[in-house]
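Protein chains in written order, with this note's numbering: chain E, 36 to 405; chain S, 63 to 1011.
Keep in mind the hints are simulated off the structure, nothing from the lab. From the three backbone atoms N, C-alpha and C, an ideal C-beta is built for every residue, glycine too. Fair warning: there could be bad hints in the mix.
[Stated by the list, open to error] Listed below are several chain S residues computed to face chain E (Cβ distance under 10 Å; list not exhaustive):
| id | residue |
| --- | --- |
| 1 | 167 |
| 2 | 188 |
| 3 | 191 |
| 4 | 202 |
| 5 | 212 |
| 6 | 268 |
| 7 | 272 |
| 8 | 758 |
[As the list claims (entries may be wrong)] Short, incomplete list of chain S residues facing chain E, as computed with Cβ under 8 Å:
| id | residue |
| --- | --- |
| 9 | 166 |
| 10 | 168 |
| 11 | 172 |
| 12 | 175 |
| 13 | 206 |
| 14 | 208 |
| 15 | 269 |
| 16 | 270 |
| 17 | 274 |
| 18 | 532 |
| 19 | 753 |
| 20 | 754 |
| 21 | 759 |
| 22 | 760 |
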Amino acid sequence: MAEARDIFIVCNNLEELGGLQRWAHDIGRLFTARGHRVHLVGITHAEVPHDYGQDPPYATTVLHERRPPAGGGLLLKLRHRAMVRRGAARLSELFRTAGPGGMVIAAQVWAMEWVARSDTAGMPVIGMTHESYAATRGSSRHERVKRYFADADLLLALTAADADAWAFDTMSNAGAMPNPLHVTPGSVSPRTEPVVVRLGRLSFEKGQDMLLESWAEVAPRHPSWRLRLYGSGPEEADLRRRAAELGLEGSVEFPGATSDIEGALTGASIFALSSREEGFPMSIMEAMAYGLPTVAFDCAPGVRELLTDGDDGLVVTPGNTIEFAAALDRLMSAPELRHSLGETARESVRRFAPDAIIDRWEQQFALLDR
Amino acid sequence: MKRLPPDPDITVIVIVYNDAARLPRAVHSVLEQSLPRVEVVVVDDASTDATPRVAAGLAAAHPDRIRAFTLPENSGGCGRPRNLGIEHARGRYVMFLDSDDTLDRHACRNMVTAAEESGADLVSGRCVRVLPDREQNWYPWLYRERQVYADVMDNPDLLYDTLSTNKCYRRDFLEREGLRFVDRLHYEDLLFSAQAYIGARKIAIIPHRVYNWFVIKRGETLSISNRRAELRNFADRLEIHRRIDTALREHGAAELALLKNVKFLNHDLLLYLRELRSRDPEYRRAFVELARPYVSQLDPAVFEECNQMPAIAGFMLLHGDAESAVAAADYAPKKGGRATLSVEPVERDGRVYWSGDHLDTAAGRRILDVTDLGIHSAPLDTLRLGGQVTVMRRENRSLHLAGDVVNPLGRIGDDTKLTGTLEVRDRRRSGRAFRVPVTVRQDGGRIGWETTFAPARSVRPIGLVDQTWSLGLRLESGDDTITVRLTSDGVAHEGVAAPVRPRLSRLAGDHLEAYVAESGELALRIVGRRWPGRVTLPALRRAAMTGLGKRWWQRFIRAEQVLLGRLTARATKIAVFNRVLIRLPVKKGTVVFESHLGAQYSDNPKYIYRQLRASGAPYKAIWSHSGGPRGFPTEARLVKRDSWAYYRALARAEFWVDNQGLPAELIKRAQTTYIQTWHGSAFKRMGFDEPSVKQTTRDQHERLRGMVGRFDHFLVRSEHDVRTLVKGLGVTAELARVGYPRNDALVSGGDPAEQAALRQRLGIADDRTVVLYAPTFRTDDDGRPATRFEVPFDLDRFAREFGESHVLLVRAHYLSTAVVPPGLRGTVVDVGHVHDITPLLLLADALVTDYSSVMFDYALRDRPIIFYTPDGEEYVDRLRGSYFNLAEHAPGPVVHDESGLFTALGDLDDIGRDHADRRRRFVERFGEYDTGTAAKAVVERFFTGGGRG
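Generate the whole structure from the sequences, applying the supplied hints.
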């Protein structure tokens, strides 16, 4: 057993419904179980809070009751800066309470702005980037990651390939740390229901529009099959309209958001990841854990790290909806293939079992204070 | 504070010689490592400056982390000090650092982590060359991602990185292999790293930056690796290479030896050859003497494996022909440079050779065969020729220069009228030049030139900021501009100078003096020969080299570069367009035409333009061109794409007529009508139907939508276009179902006189059957259209089997170039430079294509079409992205191999007959609106018919 540490995990907020928050609460619980003292810090509250359970076994703090002002005006910038200064001072106070061996994890680059201005009382700072390098590269976060995480003692990306891309792009502090598997299946999908499932926000990045196009190719050949798109989001109306245009009303279902992941996955036989951008897709991990074979666009190194094409899933060229349809068709037509890929998936996802991942975290901690 | 354990993880050996100023920076970069247990061993190579005191001071300040040692006498190299460092190292790992460089903050941690995770003997990380104004990665392709190799054979390319400093060695590995640096030779790194690569049982690569190599410009103190100027240096380099060869031989690594020597020719030898132009004849002779024996003993396979120009250079050196070797180096310039042809190749037996000598052996013919460079067929203005200055002297206050220019394969005939200018160009700001006229003499294929000019009148430098000027020649012949690089014959320029008057007065100098720049070009520099320049200019230069002076100087240079960059940047022009230019009033009756981003005068825009002119309607036409005005209509106004004039014209035009895409960022205002003609029906999926577009972000989707949203009218030639192009591109414009203006002639048969003229221009006899080969582009490894197009069947076989009766016209995609050997003249003709394909389609009796949209157009001719798809299923597969199955609808036979192609070529009559039905159906299905009246319909609808659209 490694020594008990104070671990501060600083996020933009702790309450939103999203992959990052789920990760933060999960990892907090896992660190606590190893005997560490965990403090989860949110910079602000979420606009729409999600319930991550009552009485967590770790401390939580929110720095600002109101969201910091955003905008281009000089006055707003000054107010923003003053707010960051106040928040950083609170952070510094928190950090002062840490014992030897403490660690600060800035889980997002916006949160890092506060950490960077605080006094970490000698604790190492670990920055994290929870999306693929390519996704960051295409956004304004690219410059901010390079600016705010440059001085972090370590910058953790989700996969080795992403870490390499960051290392090549000036970040010599880059390393890799995958997310832990966060579900413990009570049962496994029998893979007999004629259902293809997709869980995730109905948004442009998640690419349900491309999935509908693919579905239009395969559905006529498999009239008994249904495509179930769980989730809600900004694209819902457009997607429903698109499904109607493609004549898919009969075979596509929009059951809305669900918290019953187990029910959603065990009631299906194939998982479809149609995203344009991803980091280390937790939804694939979940599907694997429940024994589902996945068809996925090769949209991030994280997809390749989780899936081996032909072994535990089928990985196709990003955006090639016809190829995606062909892969779905293969799995829908061949139950044996579904079973063999699904079983392999269930085995292979154990690489990311919480114990293994927490061991890797503790090795990183040890490296930082050796 | 924890006490440091006795054994550090890494020992960093810092070697230093007379570098007291920078040593602390290097040492501190080690002390500040994120890996704490790192020790420093400083080894001083018997410095004579303050270095010993500085080293001792550092050691005293950090006794637990720094130890300093001194060699009893100077060794003159890096080997002995590093070896002494190894003896004193205590770490499990060892790294080397030079006193003028630094380690990245996380270098040691990344190295040790990689070593421990992989168990490697050797870890190598990315080295960055830090230049005064920028940074450069050292062999970046080796360091893209982390790797673990079982040994160097897993990736022999590692040998390219010969540095010893960006690496981390397990100390017991160094001991096991007895690895030490060789003493008394420069380039000890090369041998050491080669031995380390061979000996290592596992090699790990990390993409992390580990080593900062500060590169100092040539100046008073040359660092060893920069001091190529000395012959002794070159001798050392050769000796090191001999020893590496021996080491590799002993290791039984023949393959590695081959690779290493391929690199020797590709890299090392070229480096020296490029500099040879700036050396005197004595030096050149000595150089050849040194190089020849080493090159002679190279495995002949090396010449086959290395790049073409280095092979020629090595081969020529082998035969003692330094001139031809240097010319080969001219044609293989450093990255970013432009190839110069400074020899006159010869044509023998239908092939082109670098030299007429040494063609008596098979190896000579193979190595010197440069047919594929296309020197015999490339447009003259794409070649940069070499010219030599043979006379340079001062006449009173003037300079007299004379010389000659190579005339490759006699392509510039005596009947070509040439005029010339000498350009004196600011070497720092290539946009600034002074020009003086030159007299050109042509005599029996030889081109000579001379000029006399007074620099004081013709060249007005500012002084200080523009101290060096390059000399070049421009020859004009009709629309062609041939650029000529000028070198000296090595003697003519010696000691020549003429008076000049810098704008900053004589304090900044008074003469322009000739010299040969490092690049080998003849150049001029401002010097002070008279009072007061003789004193003030050197003083000013010295001042610019002091700490403060240098800072200000660099700030000035950078500010100037930024300013110039901003003013000419595309982004600036676009911002000005969108904010200012489009507020100017529209000029009624102006039409801007563009075809294929300005590459050609062709396609639908051309035929609309012709019809518009024929109609006599009072419109003013402006054509955009990207490569040069050659081939564009002289009666129209021409603007260069992306120039200010181009943006001004677009901003004020009443019509835009284009077949591909005007700059995406430009806003189109309502008063301007954008007629998008497009450039062909689609076989391959387009726009949002392409996976690569479909998967992009919302912003990129919006960008494409915005670009397409500017179209007011979109021409289609079939309902197939509506189902594919219009849907795929997301066209919201009004559709003009009128067909393609370019295809009117294909329906009507075109103008026989025009065709006869083209036939004559291409030299095609009347009785020949004309076969046009027009494939689509092939992509290179990056997915971009390949610049070189290799014809995927045997042209010689075509000549043998059909040479008597047929002519093959080869038309590569406009982004690619095909090369037809001169031996096939008259039988195979490259028609890539012909702007417009339509006349070629009219001329052709049969078409060979693959997936090009030309199939849709040529089908209108109702003549045989052969589909030759040697790369088989790659495109045809719907999965990869086509709108229909080619085999199902093709209006002609689809063949996959050469023999199928040649059989089909022999059966053209049968194909014409047997596939007539399919061709008719194909036209009905994919081109029903092409009825021969498109140009007229467009012009009447938009330009002469009263109401617009």
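Each hint tested on the structure:
For residue 167 of chain S, the suggested interface contact is upheld, since its CB lies about 7 Å from the closest CB of chain E, less than 10 Å. Interface hint status for residue 188 of chain S: upheld, as the beta-carbon distance to the closest one in chain E is roughly 7 Å, under 10 Å. The beta carbon of residue 191 of chain S is not positioned within 10 Å of any beta carbon in chain E (closest approach about 15 Å), and the interface hint is therefore violated. For residue 202 of chain S, the interface hint holds, the least distance from its beta-carbon to any beta-carbon of chain E being 8 Å, beneath 10 Å.
Taken as an interface hint, residue 212 of chain S does not check out: its beta carbon lies about 19 Å from the nearest beta carbon of chain E, beyond 10 Å. A least Cβ separation of about 7 Å between residue 268 of chain S and chain E falls short of the 10 Å threshold, and the interface hint therefore holds. Below 10 Å, beta-carbon pairs count as interface contacts, and residue 272 of chain S has one with chain E at about 7 Å; its hint therefore holds. A distance limit of 10 Å between C-beta atoms decides the matter here; for residue 758 of chain S the minimum to chain E is near 7 Å, and the interface restraint holds.
For residue 166 of chain S, the interface hint holds, the least distance from its beta-carbon to any beta-carbon of chain E being 5 Å, beneath 8 Å. With a cut of 8 Å, the hint placing residue 168 of chain S at the interface with chain E holds, because the nearest CB-to-CB distance is about 5 Å. At its closest, the beta carbon of residue 172 of chain S sits 7 Å from a beta carbon of chain E; the interface hint therefore holds under the 8 Å criterion. Taken as an interface hint, residue 175 of chain S checks out: its beta carbon lies about 7 Å from the nearest beta carbon of chain E, inside 8 Å.
Annotation: interface hint on residue 206 of chain S holds; nearest CB of chain E at approximately 6 Å, less than 8 Å. At its closest, the beta carbon of residue 208 of chain S sits 6 Å from a beta carbon of chain E; the interface hint therefore holds under the 8 Å criterion. Checking residue 269 of chain S against chain E by beta carbon gives a least distance of about 4 Å; that is within 8 Å, so the hint holds. Because the smallest distance between the Cβ of residue 270 of chain S and any Cβ of chain E comes to about 4 Å, under 8 Å, the interface hint for this residue holds.
With a least beta-carbon distance of about 11 Å to chain E, the hint placing residue 274 of chain S at the interface is violated under the 8 Å criterion. At its closest, the beta carbon of residue 532 of chain S sits 35 Å from a beta carbon of chain E; the interface hint therefore is violated under the 8 Å criterion. Among the interface hints, the one on residue 753 of chain S holds; its C-beta lies about 3 Å from the nearest C-beta in chain E, closer than the 8 Å criterion. Evaluation of the residue 754 of chain S hint against chain E yields a held restraint, the C-beta minimum of about 6 Å falling below 8 Å.
For residue 759 of chain S, the interface hint holds, since its Cβ comes within 8 Å of a Cβ in chain E; the closest pair sits about 6 Å apart. A hinted interface residue such as residue 760 of chain S counts as satisfied when its beta carbon comes closer than 8 Å to some beta carbon of chain E; here the least separation is about 5 Å, so the hint holds.
The structure fails to meet hints 3, 5, 17 and 18 from the earlier list, while all remaining hints are met.
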